[in-house]
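Please model the entire structure based on the sequences and the hints provided.
Each protein sequence line maps, in turn, to chains A and B. Under the numbering used here, think of the first position of the first sequence as 1, with each following residue one higher. Under the numbering used here, think of the first position of the second sequence as 1001, with each following residue one higher.
No wet-lab data here; the hints were simulated from the structure. Please read these numbers as outputs of a predicted model, since none were measured by experiment. Errors might be hidden in some of the hints.
Claimed, not checked - With a straight-line cut-off of 25 Å between C-alpha atoms, the simulated DSS-like cross-links for lysine-lysine are:
1. B:K1100 <-> A:K189
2. A:K275 <-> A:K170
3. A:K133 <-> A:K335
4. A:K170 <-> A:K189
5. A:K275 <-> B:K1100
6. A:K189 <-> A:K299
7. B:K1024 <-> B:K1213
8. B:K1084 <-> A:K189
9. B:K1284 <-> B:K1324
10. A:K170 <-> B:K1213
11. B:K1084 <-> A:K299
12. B:K1100 <-> B:K1084
13. A:K170 <-> A:K299
Claimed, not checked - If you only want the chain A side, here are some residues facing chain B, beta carbon under 7 Å, derived:
14. D175
15. V176
16. A179
17. I182
18. V183
19. N186
20. P197
21. R556
To be verified - Distance windows between CB atoms, simulated:
22. B:D1104 <-> A:L482: 38 to 46 Å
23. B:D1012 <-> A:L482: 46 to 54 Å
24. A:I456 <-> B:D1230: 44 to 52 Å
25. A:I545 <-> B:Y1219: 44 to 52 Å
26. B:D1104 <-> A:L268: 46 to 54 Å
27. B:K1284 <-> A:K189: 55 to 63 Å
Glycine is no exception: its CB is placed at the ideal position from the N, C-alpha and C atoms.
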Amino acid sequence: MTSRAFSVPRYAVASLTAVAVLAPVLLIFWQSFLNAPFFNPVRHLGFGSYAFIFEDPDFWTAFLNSVVIATGMAVIALPLGAALAFLLTRTDLPWQRTIEVLVLVPVFVSPMVLAFGYVVAMGPVGFYSLWAKDLFGDVPWNVYSLLSIAVIAGLTHVPHVYLYSSAALKSLGSDVEEAARIVGANPLKVALHVSLPMTMPALLYAAVLVFFLGFELFGLPLVLGDPEGHLVLATYLYKLTNKLGTPSYHLMAAVAVCIIAVTFPLVLLQRWLLKTAGKYVSVKGKATRQKTLPLGNWKWLAFLIVLLWLAFTIVVPISGIALRAFVEQWGEGIKLSEVLTLANFRQVFDQSDQVRAVINTLLIGTLGGAVAVACYAAVGLAGHRQHGAVARILDYLVLIPRAVPGLLAGLAFLWLFLFVPGLKELRNTIVSVWVAYTVVWLAYGLRLITGALLQIAPELEESARTVGAAPSRVLKDVTLPLIRFGLLASWLLVFMIFEREYSTGVYLLGQGTEVIGSMLVSLWGAGAIDQVAALSLINIGLVAIGLAVALRFGVRLHE
Amino acid sequence: MSKTGNSLVVTDLHLQYGDNQILKGVSMTLAPGEVVALLGASGSGKTTLLRSVAGLEEPSRGRIAIGDAVLFDSAAGIDIPAEKRNLGLVFQSYALWPHKTVFDNVAYGLRLRNVPASEVGARVTQALGNLGLGALAQRLPHQLSGGQQQRVAIARALVYNPPVVLMDEPLSNLDAKLREEARAWLRELIVRLGLSALVVTHDQTEAMAMSDKILLLNYGQIEQQGTPEDMYNRPQSQFTAEFMGSNNHLPGTIAEVAQDRALLAGDGFRLWGTSRGKVAVGDKAMGIIRLERMRIAQGPGENRIPAELITAMFMGDRSEHLFKLGALRLRGYGTDARAGVDGYLELPANDLWVFAASS
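Encoded structure:
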């Protein structure tokens, strides 16, 4: 499709994308080199803000903590995720189908919600802690230590590794493994000598991804790191305002640039790894019906370990929230049966801002998700079957928002909505949050769309051209109808992602722009535990509905 | 590879996926130094049978043994895992390990058998030399052509001297032109090294060219087995007749029976043929004759029918003529490119097989 008639909309889409992606990032960069907020009349260029944060020991502690947590996460999540993928794709582990679905839950539940769940379940006076105290006389854990944060973050990121390694294992032809069996390798040797080396590129990619996610971590350390004062880069940035008492945007921007300086190379590294991962594809064998590996009695041990992991990452935090949402208060010496109540939910629905948060969250997921998918589709189609400059630029443009953590993107969009004429009017509407969400999740959404577009054989479009359809007709009559299911599936996934998102809305939170995610951060800061519990449960419910619909329609929950 | 080894014996093998019966009681024998082809259409169970021997499928019933060594026996509860069967298998896709060099691909089986490093080197070099791959030892699989990859896959399966080599459609991944050369080369290799081989193929020409014995499978059962000549010239069923060559079909009714001959009457013809199986006067029947056995004749005569020439197709070494007889279309070979004229076709009674129509 290289017709000139079609190039005008393509350039328009590309330009709009460039503006939406670059404006916030450039604003952050510019702000970081000023000595005061950019809207101050008195300000000048310089490295003052960098000098300030580099002299602040808290910054270096936070940086170190981020590195430690990110490394710890990779070390924990990588072997467990790879092992889980092997168990679920290659062996006769019981209940595979159910586990495959449950594994995805931590991916779609907001980290803020999970973190809160661990506090109410396993914090010093959490449900499980007090039950443990009754049993052992003491609480044998401390969820607020740096190690605990790394362990919890690591265990809740096992699904990310699982997704990539199971995809690699599934696309690995069974014949190469069978060939090893035939020449005399036992199942363990097959796994070590053939499956593992051949999925190594995917594992490496997952390791970088998890490290990258660890560096961006916000909700978990915000909630769990607070009591003992453990800061990571994102929470350091978030707390800078408290530190100086005034909005120190220039300092925040400098921290943001430091974070991006680490994450952007990681994004480029991921991209490169993904390309090299395709190296083996050309000689990949043929997938045939596979005999699953019988684990014998070991399967019960493996099953037990998987169950323990599921219990820790799903059952414990979510049951904690569910319980906390229905009690007036909780602490030592309180009997559960005496404090059961629906008051927390009544409280939520009595407050107009929280009702708005629920409604806005629903709107941004459904309507907003649909419009976002339409935008992603426009960007995807602009680059579809194109090899020119536009496609290449788009290709790199979408990587940028991926490197900017949601918290920072939200901050940059706040500035834009505060001071850009034409946008100012939208500041107090949910549209501002929607724009930020859409840009932050651009890379993810686009991957869904291109995934659907790649399913279409080029001949289908080419044959439409040869029978006389102009490119716009091909789009309308062939391409779009063929990716219809892909678009619907993307909508569902984007719905769940938008329900789950919290950090992007934090700085945009104001009257009219409430969403559950940012509301949770704000209520948590104010210590309104009852309402956090109720809203968290509502949030989990919304995600669960999305998940149930997705499963009902057989949507693939990952690429 | 040992000529003194024992026979591979498969007895009454059954296999099913759920309710789907794939193998319905297959028995076969492969003597040392023999090449047996498993022939059949897709879904006939030929690959499943091969994979069952290899230990990659789990039959529900039956027995597989090589000499005294029982590989599988449902009654005795024996199912030796694939890696302990010591067989060689050449995969249809070759299944070379992309992260190992050619040398390491071939050496892997020896290393698993704890062969000392110096001997591994010598044996791999010899195996690669046998297959004309000496210079490619340090290449990675994706740097090889399809034909070279196939040879590496064969070297990998032979290097530890398995008693039987299993080959799953060994030629199907090669280009048509290359396939004919590879067929001759593979047959030469098998003869030169005295291999016992079980070869799966869907191509009857390939099966006839490469093997000493053919097993024709049809929906999980053996339709017929025998030497290539037997299978081609003396099919016991219409299925075998159809599968083994290119045929003309003449549907009709039996008008007369005399010993092993039957008179087949159809739309515009009455021809004597050789009855295969039981036929009786009045039965619906199908006459089948190989394309190359039908002759173009100049005038009327015994077992000749008049036919109108529709077109002739030049094939290089011969011409193929298409004739019309009522609604029937008959194909025959001639040497003269376009010279076929309306005339007569002779269908010798010995070559026209008459099968009772299966109802």
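Structure-based check of all given hints:
1. B:K1100 <-> A:K189: Holds, at roughly 15 Å.
2. A:K275 <-> A:K170: At roughly 18 Å apart (the allowed maximum being 25 Å), K170 of chain A and K275 of chain A satisfy the hint.
3. A:K133 <-> A:K335: It holds: about 15 Å lies between the C-alpha atoms, which stays within 25 Å.
4. A:K170 <-> A:K189: 18 Å, holds
5. A:K275 <-> B:K1100: Distance ~20 Å between K275 of chain A and K1100 of chain B Cα, so the pair holds.
6. A:K189 <-> A:K299: Within the cut-off at roughly 18 Å; holds.
7. B:K1024 <-> B:K1213: 21 Å, holds
8. B:K1084 <-> A:K189: Holds. K1084 of chain B to K189 of chain A sits at ~13 Å (cutoff 25 Å).
9. B:K1284 <-> B:K1324: Judged against 25 Å, a Cα distance of about 22 Å means the pair holds.
10. A:K170 <-> B:K1213: 38 Å, violated
11. B:K1084 <-> A:K299: Given that 25 Å is the threshold and the Cα spacing comes to 22 Å, the pair holds.
12. B:K1100 <-> B:K1084: 22 Å, holds
13. A:K170 <-> A:K299: Holds. K170 of chain A to K299 of chain A sits at ~20 Å (cutoff 25 Å).
14. D175: This interface hint holds because 4 Å falls under the 7 Å limit.
15. V176: 5 Å, holds
16. A179: Holds. Min distance 4 Å.
17. I182: 4 Å, holds
18. V183: Check passed: Cβ of V183 of chain A comes within 3 Å of chain B, closer than 7 Å.
19. N186: Holds, because the Cβ-Cβ distance from N186 of chain A to chain B comes to roughly 5 Å (cut-off 7 Å).
20. P197: 5 Å, holds
21. R556: 25 Å, violated
22. B:D1104 <-> A:L482: 38 to 46 Å: Once the Cβ atoms are compared, 43 Å apart, the range 38 to 46 Å for L482 of chain A and D1104 of chain B holds.
23. B:D1012 <-> A:L482: 46 to 54 Å: Given about 49 Å between the Cβ atoms, the range holds.
24. A:I456 <-> B:D1230: 44 to 52 Å: Taking Cβ atoms as reference, I456 of chain A and D1230 of chain B lie about 51 Å apart, which means the hint holds.
25. A:I545 <-> B:Y1219: 44 to 52 Å: 48 Å, holds
26. B:D1104 <-> A:L268: 46 to 54 Å: Distance hint for D1104 of chain B, L268 of chain A is violated at roughly 32 Å.
27. B:K1284 <-> A:K189: 55 to 63 Å: 60 Å, holds
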